[in-house]
Amino acid sequence: MHPPDRFTCEEVFARLDDYLDRELTAEEMRLVHAHLDTCAACASEHQFEATVLTGVKDKLRRLSVPSDLMARISARIAAERPGRGGLAASPSQ
Amino acid sequence: MTSQVAAGQPAPILPGSAAQFEAFLEPVLDAAYGTALRFTRNRADAEDLVQEAALLAYRGFGSFERGSNFRAWFFRILTNAFYSKYRKRKRQDTDVELGPPPELYLYVQTATLGLHGKSTDPAQALMAKLESEHVTAAIEALPEEYRVVATLYFMEDFAYQEIADIVGVPVGTIRSRIHRGRRLLQKALWRIAEERGIVGTLTDAVDEGH
Numbered sequence: 018m019h020p021p022d023r024f025t026c027e028e029v030f031a032r033l034d035d036y037l038d039r040e041l042t043a044e045e046m047r048l049v050h051a052h053l054d055t056c057a058a059c060a061s062e063h064q065f066e067a068t069v070l071t072g073v074k075d076k077l078r079r080l081s082v083p084s085d086l087m088a089r090i091s092a093r094i095a096a097e098r099p100g101r102g103g104l105a106a107s108p109s110q
Numbered sequence: 032m033t034s035q036v037a038a039g040q041p042a043p044i045l046p047g048s049a050a051q052f053e054a055f056l057e058p059v060l061d062a063a064y065g066t067a068l069r070f071t072r073n074r075a076d077a078e079d080l081v082q083e084a085a086l087l088a089y090r091g092f093g094s095f096e097r098g099s100n101f102r103a104w105f106f107r108i109l110t111n112a113f114y115s116k117y118r119k120r121k122r123q124d125t126d127v128e129l130g131p132p133p134e135l136y137l138y139v140q141t142a143t144l145g146l147h148g149k150s151t152d153p154a155q156a157l158m159a160k161l162e163s164e165h166v167t168a169a170i171e172a173l174p175e176e177y178r179v180v181a182t183l184y185f186m187e188d189f190a191y192q193e194i195a196d197i198v199g200v201p202v203g204t205i206r207s208r209i210h211r212g213r214r215l216l217q218k219a220l221w222r223i224a225e226e227r228g229i230v231g232t233l234t235d236a237v238d239e240g241h
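If you're matching them up, the sequences are chains H and P in order.
When we follow this note's numbering, the leftmost residue of the first sequence carries the number 18, and every step to the right adds one.
When we follow this note's numbering, the leftmost residue of the second sequence carries the number 32, and every step to the right adds one.
Chain P side only, calculated, beta carbon under 8 Å to chain H, not exhaustive:
id, residue
1, Asp61
2, Leu86
3, Leu135
4, Ala154
5, Gln155
6, Val166
7, Phe185
8, Met186
9, His210
To give an idea of the interface, some chain H residues facing chain P are shown, with a C-beta separation under 10 Å as derived from the structure:
id, residue
10, Leu33
11, Asp35
12, Glu40
13, Glu62
14, Thr68
15, Leu70
16, Val73
17, Asp75
18, Leu77
19, Arg78
20, Arg79
21, Leu80
22, Val82
23, Arg93
24, Ile94
25, Glu97
Just so you know, the hints here were simulated from the structure itself, not pulled from any lab data.
For clarity, every value in this text was computed on a predicted model and none was experimentally measured.
Virtual Cβ for every residue (Gly too), placed ideally from N, Cα, C.
Chain H with its partners taken away, still in its complex shape (with noise of 0.2 Å):
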């Protein structure tokens, strides 16, 4: 049995999640990206669906940390450092 040397359309939309992730092999890329190239409507929902999700990403990654987080941190790890009876004194089991 030959490999496919082109996908239909049915073939590419079980494939545009992974695609859109890059989690397909080089070679289904490779073809997946042919099709795309030459059919309008697959195109037109992979554009819509890129878009989407980069706009997702970028929304939700806005946000702002607390500005004294790791001094918070850092000041419960040196409450732990060896001698001070935290559990990093402890022999390791």
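Mind docking chain P on chain H? Use the hints.
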């Protein structure tokens, strides 16, 4: 010089390693807090979770293999800490109904609205109207098993296999949850866009642009 550690043998935490640990932690801390915030859905719990994960990681720092991926190692600890601390306490309280996840949900909805004939980039027209708080509300509405995986995926760009290693489930399960979670997220986004009156403004904005 880094000390040599026998394979499989946790090294003791050495004096001075706190500074070394913190040098590893600091670059990933913002991302860890963002992930914890999506996991727990509130700032106080997110801060507690990150602090607890940091302490657990510090205590286990001797077993961290130098040269391997600290970020993935720490996020595994963070995710496990979330599961052990919050999973028992909070039962599922999702408002996203679980059924067959609709495919291309936003594509179909915006096409039905007539946006595709009016805008050259309907997805961008929609995303431009959605604020961070809408997307956050959508991801927080996902059932926990999807929310955790989707957070690691959307916020951190971990590969499927990395997420599988962090969550501790097979990669096929992660693949399925990401695909399904993405569809559920689109459905939740549209519902929020409807509730907040954004859908009604979509065609208006496009009409005004012509």
